[in-house]
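**Student:** These are the residues of each chain, in order.
Number of protein chains: 4
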Amino acid sequence: MKVRDFKPVSNVDRLVKQLRYTAFNGRALAEAVDILEEMVSDQNTIRLLGFAGALIPAGFRRVIAEFIGSGFFHAVVTTGANVTHDLAMALGGEVHQLQKAIPDAALRRMGRMRIYDLYTSSKSFLLLERFLKKALESLRDGVYSTYELLKHLGSLVDDENSFVAAAARQDVKIIVPAFYDSILGVQFWTLTQGRNLKIDLSKDLSWLVNLQFDAKGRDRSVGAFILGGGVPKNFIFQSALIADHPLRYVVQITVDVPEYGGLSGATLEEAKSWGKISSKAKVATVYCDYTIALPIIASVLFIRAKRIKA
Amino acid sequence: MKVRDFKPVSNVDRLVKQLRYTAFNGRALAEAVDILEEMVSDQNTIRLLGFAGALIPAGFRRVIAEFIGSGFFHAVVTTGANVTHDLAMALGGEVHQLQKAIPDAALRRMGRMRIYDLYTSSKSFLLLERFLKKALESLRDGVYSTYELLKHLGSLVDDENSFVAAAARQDVKIIVPAFYDSILGVQFWTLTQGRNLKIDLSKDLSWLVNLQFDAKGRDRSVGAFILGGGVPKNFIFQSALIADHPLRYVVQITVDVPEYGGLSGATLEEAKSWGKISSKAKVATVYCDYTIALPIIASVLFIRAKRIKA
Amino acid sequence: MKVRDFKPVSNVDRLVKQLRYTAFNGRALAEAVDILEEMVSDQNTIRLLGFAGALIPAGFRRVIAEFIGSGFFHAVVTTGANVTHDLAMALGGEVHQLQKAIPDAALRRMGRMRIYDLYTSSKSFLLLERFLKKALESLRDGVYSTYELLKHLGSLVDDENSFVAAAARQDVKIIVPAFYDSILGVQFWTLTQGRNLKIDLSKDLSWLVNLQFDAKGRDRSVGAFILGGGVPKNFIFQSALIADHPLRYVVQITVDVPEYGGLSGATLEEAKSWGKISSKAKVATVYCDYTIALPIIASVLFIRAKRIKA
Amino acid sequence: MKVRDFKPVSNVDRLVKQLRYTAFNGRALAEAVDILEEMVSDQNTIRLLGFAGALIPAGFRRVIAEFIGSGFFHAVVTTGANVTHDLAMALGGEVHQLQKAIPDAALRRMGRMRIYDLYTSSKSFLLLERFLKKALESLRDGVYSTYELLKHLGSLVDDENSFVAAAARQDVKIIVPAFYDSILGVQFWTLTQGRNLKIDLSKDLSWLVNLQFDAKGRDRSVGAFILGGGVPKNFIFQSALIADHPLRYVVQITVDVPEYGGLSGATLEEAKSWGKISSKAKVATVYCDYTIALPIIASVLFIRAKRIKA
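Chains as they are written, first to last, in the numbering used here: chain A, 2 to 311; chain B, 2 to 311; chain C, 2 to 311; chain D, 2 to 311.
Simulated from the structure, these hints should not be mistaken for lab results. Any given hint could turn out to be false.
Unchecked claim - Going by beta-carbon spacing under 8 Å, a handful of chain B positions derived as facing chain C:
#, residue
1, A24
2, N26
3, V258
4, E260
5, Y261
6, G262
7, Y288
In this text, a Cβ means the ideal position worked out from N, Cα and C, and glycines have one as well.
Full structure from sequences and hints, please.
**Tutor:** Below, the structure written as structure tokens:
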């Protein structure tokens, strides 16, 4: 395919369509959108969304909520921090942009907790704690998966931008494999001291593996959209390995490169040697901050799905 | 400023306007566009464009040509490779996308020279050589700057997507500080053996420093848009230092980070300590492959300048 | 401090001492070693080791085992994959270097699972499964933390290079916050179906938070050495936050940069705004593949502790 | 080859020998040293050294000077900035470590020019200017290559740590393809106004291409050690292409990754498709800050060459 010179254009779908004929990550972005478009409209495919990093405080809750609301994904695997921030923001907790460089020691004195060029405050976490306390009072003792707990919490939240609420409405499971590695996990631990209310992550593993095992039995394929690396990426890939049902579509958006040997940056090719991804899979990796790639991808997918006007 | 949840949208200007309220490089991209918009419409500012890396073979010649054609920049500093590819493509040389992984030794046997996920062939360089031979025959002996040579070459090229041709038409200077570090430079060297036709890069330095010295004298500010690092970034910054007229607008798009101490990744803040950039300058750095960032930036700048329809 | 020109030298301690007078990550490495030396010899400090990424299959099990055997650390937080590989290697499972580029689909057919430039095979995991099956038979039903489970497993392993075995001997706790995100976790889940044998990660959280809360009560400081980012980094920092006892020493070795906003690459300065790290803490970040930085750091620490001959 | 667990050790050669059996960039570093050892002791090989980035102010002048003094390299290709700093330091100019974070605007007021965690001052450049003025007075009018100019300058410098002086003594050519992109270039330009003293970079190109062309004619191979990317890497590779004599040994130390398509990060495999590197070449790429990799490599090479005591 001959490279074609890009021409500025106002519509983001036409912008991405042109990138298909360019190179490097611009081209990869266009290929990623094409694969995702095919994946989300393939009725015979179970679709998983994994995301790590500070996606939610960065302002992309609503995108995830709309993905879920549009039926694009059947399950979500993410970090406790993203769930924590989603709920806190839904409850009125605020995240602000830092407008200039302030030393971190000074931010500490001002009660501002920094996330690169953002800050939040303990007020957000107090709002979450108050909410959680009440939410747990209405939850009977027992052993829960994270997706069961989050469905309960999501059902109590009234915010159309919350992806946890959207998932609860649509009965899309949210799995948080490192649950206690988050403010939410810690608050849960504190608030359930003395109760017989437990999180059992093996239930989450069972559900996700069974989902894929079942898909295999019914000749349905499985696809994944991975934003960032870490536990969400590994947990999704691992479940495909265990179910012995390699993924057929995989798109990852990451800034972790393979040259240092870690799983977060590992290529999708490498995953084929493990049987996590099918050798016939449609795959694309875009090396890009997802605060740039995700808004483009989401906008184009919604245009193509006729959910927003071109 | 409170973070606002991004909402998918079809118009790229409205997409970027929303990113202004998000975080990380998405936010930085929006800030970069705002600064560039202000810079290119500031009639009291001399505007420089620097770019390194394989931007031209990647498919972004026309963007640069339209920048020049729109009067956005008064001078361009770039690498010999980008000029080489622009001319070769204008002459019918082709750059193709690689469609699958092929070992480089096999590509070698097929006569395909790889640029990551692209390839070109020696045919491109033969076209260039034939053109250059003729072009040099019509150039009298003497000592030339690179901008003079490139104006001559650009004036002989008939391709609206060529940025070298666009610059020749608009009398925008193109400076290539490492001229001999390119196929074009090598062909020039070969074809001028025995002639008294020379490139003197000190003429390029003089012109660029004088441009800024003159701007200083007339109370005009200077701004720069830098894509990638390397010599173009340093040469522009250095000329501001020598003219003792720190830059007032600077936007850089790069994937080189500061943590390794090199100039390509150096922050714009660091340049303030040198007096290369004014402490009051409007600056933004976007860590992103420019094959993604540039098409967005260009499209939004043209929408805002009413050069394309929103 | 004036930069001093480095002079080649055969002793790695003298090499690092010279780097102290250089720049960038060379200087940072020397500062990191100085901080770690002070930290591991500070009897009034609780010392934590966190590591993510493929450190163990890469050949650095023995270094971790020697750190533990030397009393350098009181607790370890890591990934399930590293524990999985440590046990598999202790049981005779092999990890090999790839000697040339082989397509991943071909590796799949050869039964080779790739980790960048390494490969392992399912034999390793079968050895682990057989071992685990037996180990779990000797474990009575109940609810266990990961450190309790790993102490049991480590006590059954006979390999001086195994860090899990070393930790069991020294009663150093190993915490794996995303336990089910690993082959070991999956095998545990499979082998305990139908039994009343459970992992409860809130016990791990309790222990680690209490360790730091207790340190605070006794005026003892806490320090951390972090290799890679991910869950281990966050889990250690979070426990300092909850115990409200900011860390006094922190060294991190990473290739994740801050410019993309994620926690793995977040600066140690940022952690001060949260109260995870003390504003008076001694900190250093080295941007380097730990397969290069760790062998140097470990060698110099052992030389200075007179555990190996200079 | 089976991975072997690394064991801390005091001798840097034995440290690196062990890394040969590990993974990722640790393994690559060991392979790089083996290739360089073979290359520098291969009497039938022309050896080139290329380096970019702030290597010299970072404290690694003496390493380069010792490489040259030991006969390891026949020619050096570098940036004007590195030559500038080498000469300034030789003349008494100082580079200092920054001991804490100071805003760049404040550094500006203090007359400190920052290079990441270093600073220098205009005094260094004044010393250089005074020296250069005098040096140029003793140089008759004419057209010079950069290697001729630098030989003259190096011969006037009395500092055993200066690599420019070492090269002058050994008659090793130093080529600076982007000469005017540096303080030295700018001072030269200023001081030669009105004189008939010119730099002609085509002479540098001629010499380097002829060196390789000649090597080809005599069945001698060519090898290169590349620190950082940019113009030095490209200029060396390009000269191999033009001489049609692909390199037989190449080691590069870089933090630029291939995933963004630029030449600095391009793989050595890619260079094989162009015929810049032989398909049978011995090559290694180490992704590492050279302030860490270079002192290790240099020390081991000198141990193995018996230039320092093991």
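**Student:** Should the hint that Y288 of chain B touches chain C count as held when the rule is a Cβ pair under 8 Å?
**Tutor:** holds (5 Å)
**Student:** Tell me if G262 of chain B is really an interface residue toward chain C, meaning its C-beta lies closer than 8 Å to one of theirs.
**Tutor:** Status holds, d = 4 Å.
**Student:** Double-check N26 of chain B for me: the hint is only fine if its C-beta lies closer than 8 Å to a C-beta in chain C.
**Tutor:** holds (7 Å)
**Student:** Restraint: E260 of chain B near chain C, CB-CB cut 8 Å. Satisfied or not?
**Tutor:** At about 5 Å, which falls below the 8 Å cut-off, the nearest Cβ of chain C leaves the hint on E260 of chain B intact, so it holds.
**Student:** Report holds or violated for the interface hint on Y261 of chain B, using the least CB-CB distance to chain C and a cut-off of 8 Å.
**Tutor:** holds (6 Å)
**Student:** Please verify that hint: A24 of chain B, Cβ, nearest Cβ of chain C, below 8 Å or not.
**Tutor:** holds (6 Å)
**Student:** Just to be careful: measuring from the Cβ of V258 of chain B to every Cβ in chain C, is the smallest value less than 8 Å?
**Tutor:** Holds, because the Cβ-Cβ distance from V258 of chain B to chain C comes to roughly 5 Å (cut-off 8 Å).
Consistency note: the structure conflicts with none of the earlier hints.
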